[in-house]
Amino acid sequence: MFITRSLSGLKSNTTYLVTFDLEIASNAPSGAIGIH
408 MFITRSLSGL
418 KSNTTYLVTF
428 DLEIASNAPS
438 GAIGIH
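According to this note's numbering, the sequence shown is numbered sequentially starting from 408.
Worth flagging that the hints you see were computed from the coordinates, not collected in a lab.
Worth double-checking, as some hints may not be accurate.
As the list claims (entries may be wrong) - Just the calculated beta-carbon pair ranges, DEER-fashion:
no. : residue 1 : residue 2 : range
1   : Ile410    : Ile440    : 21 to 29 Å
2   : Ile410    : Gly441    : 19 to 27 Å
3   : Gly416    : Ile440    : 42 to 50 Å
4   : Gly441    : Asn420    : 44 to 52 Å
5   : Ile440    : Lys418    : 45 to 53 Å
6   : Ser415    : Ile440    : 43 to 51 Å
7   : Ser413    : Gly441    : 29 to 37 Å
8   : Ser413    : Ser437    : 33 to 41 Å
9   : Gly441    : Phe409    : 18 to 26 Å
10  : Gly416    : Ala439    : 43 to 51 Å
Where is the CB? At the ideal position from N, CA and C, for every residue including glycine.
With the hints as extra help, turn the sequences into a complete structure.
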């Protein structure tokens, strides 16, 4: 699984600080095989 998104308005030779928040949810019960 992946997500792509184009960014515009960025200047070359410039340092940017990028922060991502990612939350992954599952409806699998706790302790199920393959779920940690």
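The hints, checked one at a time:
The beta-carbon spacing between Ile410 and Ile440, approximately 28 Å, falls within the hinted interval of 21 to 29 Å. Remark: the range hint 19 to 27 Å for Ile410 to Gly441 is upheld by a beta-carbon distance near 23 Å. For the pair Gly416 and Ile440, the beta carbons lie near 46 Å from each other, so the given range of 42 to 50 Å is met. For the pair Gly441 and Asn420, the beta carbons lie near 45 Å from each other, so the given range of 44 to 52 Å is met.
At roughly 49 Å, the beta-carbon separation of Ile440 and Lys418 lies within the given 45 to 53 Å, and the hint holds. Distance hint check for Ser415 and Ile440: the Cβ-Cβ separation is about 44 Å, which falls inside the suggested range of 43 to 51 Å. A beta carbon spacing of about 34 Å between Ser413 and Gly441 agrees with the range 29 to 37 Å that was offered as a hint. Distance hint for Ser413 and Ser437: a CB-CB separation of about 38 Å, consistent with the stated range 33 to 41 Å.
Take Gly441 and Phe409: their Cβ atoms lie about 21 Å apart, and the range 18 to 26 Å holds. For Gly416 and Ala439, the Cβ-Cβ distance of about 44 Å falls inside the hinted range of 43 to 51 Å, so the restraint holds.
The structure meets every hint from the earlier list without exception.
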